[in-house]
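Hints in hand, dock the two standalone chains.
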Amino acid sequence: LDAAVNQYFESNGISIPSPQPSASSKRDDAKLDQMFDDMRDPEKDAKDEIGVESLMKYFAVLGVNPETCEIFVVLDIVQATSFGLITRKGFVDGWKATGVPPSISAHKKHIKDLTKSLSTDVSYFKKVYRAAFTAGKEPDQKALGLDHAVVYWDMVFSPPGMAWETATTDWLAEWKEFLGEKWTRSVNKDMWNQTLEFALKSMEDESLGFWSEDAAWPGVIDEFVMWCRENKRGGVMEVDS
Amino acid sequence: MVPPPSRGNNFPATPDRDDIDKTWTYLQAGIDRIMDNLHEGMDMQTYMGIYTAIHNFCTSQKAVGFNPQQNMHTGAHRGAHLLGEEIYKKLIEYLTAHLDQLVQESNSHQDEALLAFYIKQWNRYTTAAKYIHHLFRYLNRHWVKREMDEGKKHIYDVYTLHLVQWRSVLFDKVSEKVMAAVLKLVEKQRQGETIEHSQIKQVVDSFVSLGLDDQDSTKTTLDVYRYHFERPFLEATKQFYTAESKQFVAENSVVEYMKKAETRLDEEEERVKMYLHTDIAMPLKKACNQVLIAEHSGLLRDEFQVLLDNDREEDMARMYSLLSRIPDGLDPLRSKFEAHVRKAGLAAVTKVSADVEKLEPKVYVDALLEIHTQYQGLVKRAFNDEAEFTRSLDNACREFVNRNDVCKSGSNKSPELLAKYTDVLLRKSGTGIEEAELENTLSQIMTVFKYIEDKDVFQKFYSRMLARRLVHSNSSSDDAETSMISKLKEACGFEYTNKLQRMFQDMQISKDLNEGFKEHARALDTKVLDSQYSILGTGFWPLTAPNTTFNPPIEISADCERFSRFYKNKHEGRKLTWLWQLCKGEVKATYCKNTKTPYTFQVSLYQMAILLLFNEKDHQTYDDIASTTQLNSEALDPSLSILCKAKVLLMKPDGKVGPGANFVLNYEFKSKKLRVNLNVGMKSETKQEEQETNKTIEEDRKLLLQSAIVRIMKARKRMKHQQLLSETINQIRQRFVPKVSDIKKCIEILLDKEYLERLDDDDLGYLA
Numbered sequence: 014l015d016a017a018v019n020q021y022f023e024s025n026g027i028s029i030p031s032p033q034p035s036a037s038s039k040r041d042d043a044k045l046d047q048m049f050d051d052m053r054d055p056e057k058d059a060k061d062e063i064g065v066e067s068l069m070k071y072f073a074v075l076g077v078n079p080e081t082c083e084i085f086v087v088l089d090i091v092q093a094t095s096f097g098l099i100t101r102k103g104f105v106d107g108w109k110a111t112g113v114p115p116s117i118s119a120h121k122k123h124i125k126d127l128t129k130s131l132s133t134d135v136s137y138f139k140k141v142y143r144a145a146f147t148a149g150k151e152p153d154q155k156a157l158g159l160d161h162a163v164v165y166w167d168m169v170f171s172p173p174g175m176a177w178e179t180a181t182t183d184w185l186a187e188w189k190e191f192l193g194e195k196w197t198r199s200v201n202k203d204m205w206n207q208t209l210e211f212a213l214k215s216m217e218d219e220s221l222g223f224w225s226e227d228a229a230w231p232g233v234i235d236e237f238v239m240w241c242r243e244n245k246r247g248g249v250m251e252v253d254s
Numbered sequence: 019m020v021p022p023p024s025r026g027n028n029f030p031a032t033p034d035r036d037d038i039d040k041t042w043t044y045l046q047a048g049i050d051r052i053m054d055n056l057h058e059g060m061d062m063q064t065y066m067g068i069y070t071a072i073h074n075f076c077t078s079q080k081a082v083g084f085n086p087q088q089n090m091h092t093g094a095h096r097g098a099h100l101l102g103e104e105i106y107k108k109l110i111e112y113l114t115a116h117l118d119q120l121v122q123e124s125n126s127h128q129d130e131a132l133l134a135f136y137i138k139q140w141n142r143y144t145t146a147a148k149y150i151h152h153l154f155r156y157l158n159r160h161w162v163k164r165e166m167d168e169g170k171k172h173i174y175d176v177y178t179l180h181l182v183q184w185r186s187v188l189f190d191k192v193s194e195k196v197m198a199a200v201l202k203l204v205e206k207q208r209q210g211e212t213i214e215h216s217q218i219k220q221v222v223d224s225f226v227s228l229g230l231d232d233q234d235s236t237k238t239t240l241d242v243y244r245y246h247f248e249r250p251f252l253e254a255t256k257q258f259y260t261a262e263s264k265q266f267v268a269e270n271s272v273v274e275y276m277k278k279a280e281t282r283l284d285e286e287e288e289r290v291k292m293y294l295h296t297d298i299a300m301p302l303k304k305a306c307n308q309v310l311i312a313e314h315s316g317l318l319r320d321e322f323q324v325l326l327d328n329d330r331e332e333d334m335a336r337m338y339s340l341l342s343r344i345p346d347g348l349d350p351l352r353s354k355f356e357a358h359v360r361k362a363g364l365a366a367v368t369k370v371s372a373d374v375e376k377l378e379p380k381v382y383v384d385a386l387l388e389i390h391t392q393y394q395g396l397v398k399r400a401f402n403d404e405a406e407f408t409r410s411l412d413n414a415c416r417e418f419v420n421r422n423d424v425c426k427s428g429s430n431k432s433p434e435l436l437a438k439y440t441d442v443l444l445r446k447s448g449t450g451i452e453e454a455e456l457e458n459t460l461s462q463i464m465t466v467f468k469y470i471e472d473k474d475v476f477q478k479f480y481s482r483m484l485a486r487r488l489v490h491s492n493s494s495s496d497d498a499e500t501s502m503i504s505k506l507k508e509a510c511g512f513e514y515t516n517k518l519q520r521m522f523q524d525m526q527i528s529k530d531l532n533e534g535f536k537e538h539a540r541a542l543d544t545k546v547l548d549s550q551y552s553i554l555g556t557g558f559w560p561l562t563a564p565n566t567t568f569n570p571p572i573e574i575s576a577d578c579e580r581f582s583r584f585y586k587n588k589h590e591g592r593k594l595t596w597l598w599q600l601c602k603g604e605v606k607a608t609y610c611k612n613t614k615t616p617y618t619f620q621v622s623l624y625q626m627a628i629l630l631l632f633n634e635k636d637h638q639t640y641d642d643i644a645s646t647t648q649l650n651s652e653a654l655d656p657s658l659s660i661l662c663k664a665k666v667l668l669m670k671p672d673g674k675v676g677p678g679a680n681f682v683l684n685y686e687f688k689s690k691k692l693r694v695n696l697n698v699g700m701k702s703e704t705k706q707e708e709q710e711t712n713k714t715i716e717e718d719r720k721l722l723l724q725s726a727i728v729r730i731m732k733a734r735k736r737m738k739h740q741q742l743l744s745e746t747i748n749q750i751r752q753r754f755v756p757k758v759s760d761i762k763k764c765i766e767i768l769l770d771k772e773y774l775e776r777l778d779d780d781d782l783g784y785l786a
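Protein sequence lines, in the order shown, are assigned to chains A and B.
Residue 132 in the working numbering is what sits at position 119 of the first sequence, and the numbering runs on without skipping anything.
Residue 333 in the working numbering is what sits at position 315 of the second sequence, and the numbering runs on without skipping anything.
Be aware that a few hints might be false.
Cross-link-like lysine-lysine pairs, in silico, DSBU-like; alpha carbons within 35 Å at most [claimed, not checked]:
| no. | chain 1 | residue 1 | chain 2 | residue 2 |
| --- | --- | --- | --- | --- |
| 1 | B | K517 | B | K586 |
| 2 | A | K202 | B | K446 |
| 3 | B | K536 | B | K586 |
| 4 | B | K376 | B | K291 |
| 5 | A | K195 | B | K426 |
| 6 | A | K202 | B | K354 |
| 7 | B | K614 | B | K545 |
| 8 | B | K438 | B | K713 |
| 9 | A | K189 | A | K202 |
| 10 | B | K705 | A | K195 |
| 11 | A | K214 | B | K763 |
| 12 | A | K139 | B | K763 |
| 13 | A | K189 | B | K757 |
| 14 | B | K732 | A | K140 |
| 15 | B | K771 | A | K109 |
| 16 | B | K738 | A | K214 |
| 17 | B | K732 | A | K139 |
I should point out that these hints are in silico values taken from the structure, not numbers from a laboratory.
Just so we're clear, the structure is a prediction, and the values are computed from it rather than from any experiment.
One chain only, chain B, in its complex shape (with noise of 0.2 Å):
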């Protein structure tokens, strides 16, 4: 600030170096004018005089005998000690009575004025105290250093020596009334008043400047401030808040509570960066959370029901927020939340499902698919899209989707219908979805299917009606087959989805075959039928043989043998089993009287065979058609009925197809339609395949179960028993949830056949 004085110089009315009470008497004025009219200046030569008087006392040779010149050069440590001393204490004396006399005129004031009258004295007092530091620097720089390197307790550097002061003369006489003006003013703002913050700011920053550490002068802390007003100002505010509250929560709704709860905490951030301390923020919105939340968490929740039934997004949103700032505010509300999806997905189920049998695939996966995309839409939009929140939604659904009216009637009902959907969507029908559409559905039907705990019954229901879809090739789409396929894959794993990516493959390779057997046929100058063969592996598809024997027409068996000769020629060592059942063609009805274009009728193998048999004779009997067939009685009956219903055939006498029964070709048969489709099947055979299904998956479940615990045994040799059930769900639980007393009788099984032994304690011991 001010250029240190040049050594050589000679200034006048300098006191004499060794007296105390003159060099005092003469700083004394330099002081007062800087203290109280620092605005009219101070000229260089009074400024230098004191500076001068200072350093004439400090470094006088009245205490010892030491010459001038050593003194300045060995730093005057003995002299400077001592006097520098009473220079130190002088100032002590001076500050004190200054403060005293403030303190006395602060009496004067009150609530706004005091604050007024605080921060000018504060900001009058800081500023003359900064000069003064630089008067008395060479006191700084040598006795105050000293001593404080000699770790003298209560020593200061001049300008934190004036805080010291400012601190224990007036601050603690004054600070308590100060403070009160300031929350006098809070308050006001709080209620709506416009005041001047500029102020609250001030007496901030010079609470922050009082903070001295006692330890260390060098630093600060926010002690002071924090004793004298954090402390002070978060009560006010929670008396406040509190009594704010209680009063408003009487009377007004909770929603409205949520909103001035809201507002309130948003002006008290806004406050903090108007003219608080940021150290103040945490504490104040603790506060706040604590007086303006926490206190009327049980309200809130109790409150959480009504708006879930009347979906108050917007308000759920706000409780939401609100909530989520007090330590375990939300746990209650996710476990509300997940009870309530519970039941309404319960209650969506009961609804549609009150005759299972003719449940609608569609209508039953629409019906779990809304109450899905309903709240998860609210975790999205109310919640955050809080990963807790959808956890509690994730389980709500596992539950109502396993668990429901449905599923009462046969625990497997969800993965069937689920998977009888999907049969709906992939096959081939009149109402033609866009295809942008189908894969927007088939991702809804993976959500559902992400809930499903027993995958198994999903796979085998799905590649059962995938088998159908690929023989019959009244799949849809490829790509949407594909992309469903890949879908599962996804979600299961490789393992999951092999087979039927095989069944895919297998009608490639068919396809290759086929063209392969026509060019061969070509080549030997052959007329072949209009035929197409499917070579499917037996282990991938879920096809059985044919439960009948049968002999098919020579038309069709001599083209099969053909087939045949050119498949083993082509693949050795193979071995073909004809799937009758599932095979079927066209025939032309050229006998009708009705028609000049004959009509075309598809048929079941079995149905070709029986309509051929009438081209030798067109009356036969059941006996005989029975008897060239081959065809049981399982096999015959149904293909009979079905072309007499049609009126293909006439049968006499009337009744039901059986011994006995004869049957005529119908010359006059009618139809709208030239093409006519007879191949139908029977509602008992879908039922039976059904239950048949079911059955397959209890008895892979034990397989699936008996091998998994030979893995996991062959892995560990040796186990504890509870071990290995724990292991054994884990290991099984992606496919289905197994029951304890399924994979103990597994495990009795094993030990039965001697892959696993007892041990002592509950151990089990792997058998190689």
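Chain A with its partners taken away, still in its complex shape (with noise of 0.2 Å):
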């Protein structure tokens, strides 16, 4: 297939100067700068940058459901540093280092199949969830805000991402619920990143026995333990009564 992709572009014949050696990728890039071109609005976005209206057209001419974390797919490809932020080199890098073929089409299949493996592939999910701190916070913010960390909790943690809930205990409602009472703050990374080693435990122990005070998890997550057993609500409930 390799061989066929690399015939492809050396008939288009299109050359730019890079200092990429092989010829092949130089087509490539050459094709995906092209893509990045054609996305990019010549009015409003810098000329290596899209911004946020650009990129939500880029979603819609790749089928993308800008409501839920499939666009944490694409961000994470094209290496997005901030919010609705995209620069021509994260997008070239990243496209060419999934080794698809540079066109709309092989994309848009590349983004579905990766979708699909989100809710199974749990170190992928970690990856795009990792991905998802950083393509969603505002450029020169440290961490997220508190309201829009809980709308990509809601993308990552629910189909065609991996839904946090167990038999008896919906988590990520009560983990909203929780924020929602006690917490003001925004989020830091490490609360976000530690927030999906929770949710992974507790969907294997819903009874939260992995949990302990002295352990690494940070403050927030000691305080939702704790609320969930003052609350004695969910697998807690059924361990504790």
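As structure tokens, this is what we get:
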């Protein structure tokens, strides 16, 4: 297949000066460059960046539902560094790294495939989840606003993402309720990342038997566990009562 | 004993050397005499005769054809072997018969008479055995030695043979009866009768002598003694005391029982010294401890609370010494003691803390100390000053010092009150305490300090109050201050007292500076105020710049500027910030009509600035004062109120100090004292200061925790989360007891600041 792809690019005969030595990769770069330019709004976007509006259009082109975590699959690929901001370099390097032919249809298929694997491939899900933090935060900010974070949790923890729930407990709902009651601050990277670790553990053991105050969980997770126990909810109730 | 016969002499009546029966008959006559009539003595001739007869018999050539010469020189091996055995057997037969006879005789005796009989016969028999042993020396030296060298079992030298025979013929039959008699006698003694205990001693010696090692007859063991004497003795002892103690506790109080047990234990120890073998000392003690103490330990322990409640020190000491004799006997006492002290401490605090707000520091600290002193004394006097009990005391004290009714209103209360009490002691006051007594009290402060968990809180309050004492120079004695700081240093290390010491240094340096300044002014012949300046290092003093603007009066500012120039000349580049709120001075009121000698007012600088305005004009409006002094209302209002309250100024209209009020100088001012102190702090000020102090504590703790975490991680680079927690607690514990959740918060802050990172498996990594 690679050979065929290369053939295709060579026949197109596009050439752009590039530090890359291989001719085929040069042609790939050119094609991706072209795709980046196609989505860029020449009036609103800077030369090597695209903003939110162009991004939304790009999602539409790809057939990605902007209200699901599919967008994080895309943003992970194109190496978004903050909310709604994609650089030319991130776009070109990112897509090139996937090894997928530089065409919308191939990209679309690739995204669909990856999205499908979200709920089954934990390590890939973790990658996308972590990318969501970077891709979702405002530029110049170190943390996510709580409102945004909750929206993102909604997206990643429900299909096509990984639903955070167990036999007796809708953990995502509990988590959001807890945050609403007790949490007012922003969500830093550690809290974001550790929430996933906790989510994964809680789905293995909904009694939360793995938790201990002395363990490495951040304070907010400790508080959440205490909150769950006080409220005698979900899986915790089964164990405690 | 008897010299060996010389070989050249001839003796008559020696039997035919080859005939065993004749030889034995000859020998027996002699042995009989030794056995039964030794006191009559034995003449040399008989002695020699017997010795020679044995020699001759053993060296006879009957068995083989060796010539005597050869036999003599080669040790007469074969011949001596065969013939020695016959004599040896005859001797055994003889002894068996002799001892059988004794057993018969013993049947007619019992109890003490039996003991007397046994001892008498034993002495006679063993003395005889020694003589016979010598008579048979030739046999011992050759035949017996040879047999033993060849590893033959049950061949002994002649003396030992006597003991073996005694043991197997007589001892097995009579030892139980003898022992029964011994035990009867001992029981009599235990019941208070006087007994002839030397008899028992001799029986013990006899039993010990019979301990022959079957493997090696040259050695002795205590096996026979242990089996036949110790075992029944211990058994009887246990029975006796089990019965006695059971009955005694049924009829008497526990305290009485302890006395009884103590006496009994002493008696038994004495008994060992008096007439028992030392080998029994340990097992006897153990047996007594078991039946007299261990079996009643529950009862004793139950009584302990009663004794504690009633301060029965002597009885507690007794209980301690009894229970210390049995394994794990004291553990329950310690935990009861600990609980009791904690309760007592909490109760003492509750008693004095009806109104926490008004609680005098001295009253509180004294309440804590009283309990500690009381129970430390108890540990010393009743519990042998034992380290374990001291630890229980410490645990209890730590509990009630840090967690009591007073601390409920704020966990920082204990260190705060302790620091305040120290301040009271070190501050100049009317109630002058003697130097020695002050030192003593400071040591007591340290006793409580030792138990304080939040040592950082104490440090904060202490340094604030020390600053105040130094700035206002109302410390009672430099020596006492120094002594206190060195005590703290000893307890908590250099770092803890570093700033305190620097504060002292600053005061010393300031003194020199002032002298330099005076000299400088004299040299320039400028007229200066009688002023004192303190230069305080910003980093060391818990002081903050004034929170109001201030325009000092011209008299003051001129002097201040002069000093500033002087100082900057000496130390270029240093920045001076005037802490006006801490300045004070004295002014003379020459305007008062009622006195010839003018009053002296001791005032704060703010008050001075206000009063000096009245030199210009004897009435001033609030707004004029405010605009001239530049003081904000927070600083101005209290200063004015005090002046009005003391009637130095009169306010119109009456009411609250504030904009619109007018002030007039009171020419009619009257006071009983010529010096009037107007520089008195407001209650609300100190309250506010307390709150501030408490707030800085929380912030400092966060920093302290973070720096400890960074320090640990920097050294370790990578560490398990849990390990980091415990290490941090270890490092910080000397200052305060950190909560796990607080440490975790600090770790999160450091993660966020990217000093640390999370790695796999609950590990944390250090990011340089």
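Here is how each hint holds up against the structure:
Distance hint between B:K517 and B:K586 is fulfilled; the C-alpha atoms sit about 24 Å from each other, no more than 35 Å. Between the alpha carbons of A:K202 and B:K446 the distance comes to roughly 56 Å, so the proposed pair goes past 35 Å and is violated. Of the supplied pair hints, the one linking B:K536 and B:K586 holds, its CA atoms being roughly 16 Å apart against a limit of 35 Å. At most 35 Å may separate the alpha-carbon atoms for a hinted pair to count; B:K376 and B:K291 exceed this at roughly 65 Å.
As the CA atoms of A:K195 and B:K426 are separated by approximately 26 Å, the hinted pair is consistent with the 35 Å bound. Among the hinted pairs, A:K202 with B:K354 is inconsistent with the structure: their alpha-carbon atoms are about 51 Å apart, more than 35 Å. Of the pairs offered as hints, the one joining B:K614 and B:K545 holds, with about 27 Å between alpha carbons and a cut-off of 35 Å not exceeded. Between the alpha carbons of B:K438 and B:K713 the distance comes to roughly 18 Å, so the proposed pair stays at or under 35 Å and holds.
The hinted pair formed by A:K189 and A:K202 meets the criterion: a straight-line CA distance of about 18 Å does not exceed 35 Å. Of the supplied pair hints, the one linking B:K705 and A:K195 holds, its CA atoms being roughly 32 Å apart against a limit of 35 Å. Distance restraint check for A:K214 and B:K763: the Cα-Cα separation of roughly 22 Å lies within the 35 Å cut-off, and the hinted pair is therefore satisfied. With a C-alpha separation of about 25 Å, the suggested pairing of A:K139 with B:K763 holds against the 35 Å cut-off.
Only pairs whose Cα atoms come within 35 Å are accepted, and A:K189 paired with B:K757 is accepted, the gap being roughly 27 Å. Between B:K732 and A:K140 the CA atoms are separated by roughly 29 Å; this keeps the pair inside 35 Å, and the hint holds. Restraint check: the Cα-Cα separation between B:K771 and A:K109 comes to about 33 Å, which is no more than 35 Å; the hinted pair holds. Between the alpha carbons of B:K738 and A:K214 the distance comes to roughly 19 Å, so the proposed pair stays at or under 35 Å and holds.
Between B:K732 and A:K139 the alpha-carbon distance is near 29 Å, which keeps this suggested pair within the 35 Å criterion.
Checked against the numbered hints given earlier, the structure breaks hints 2, 4 and 6 and satisfies all the rest.
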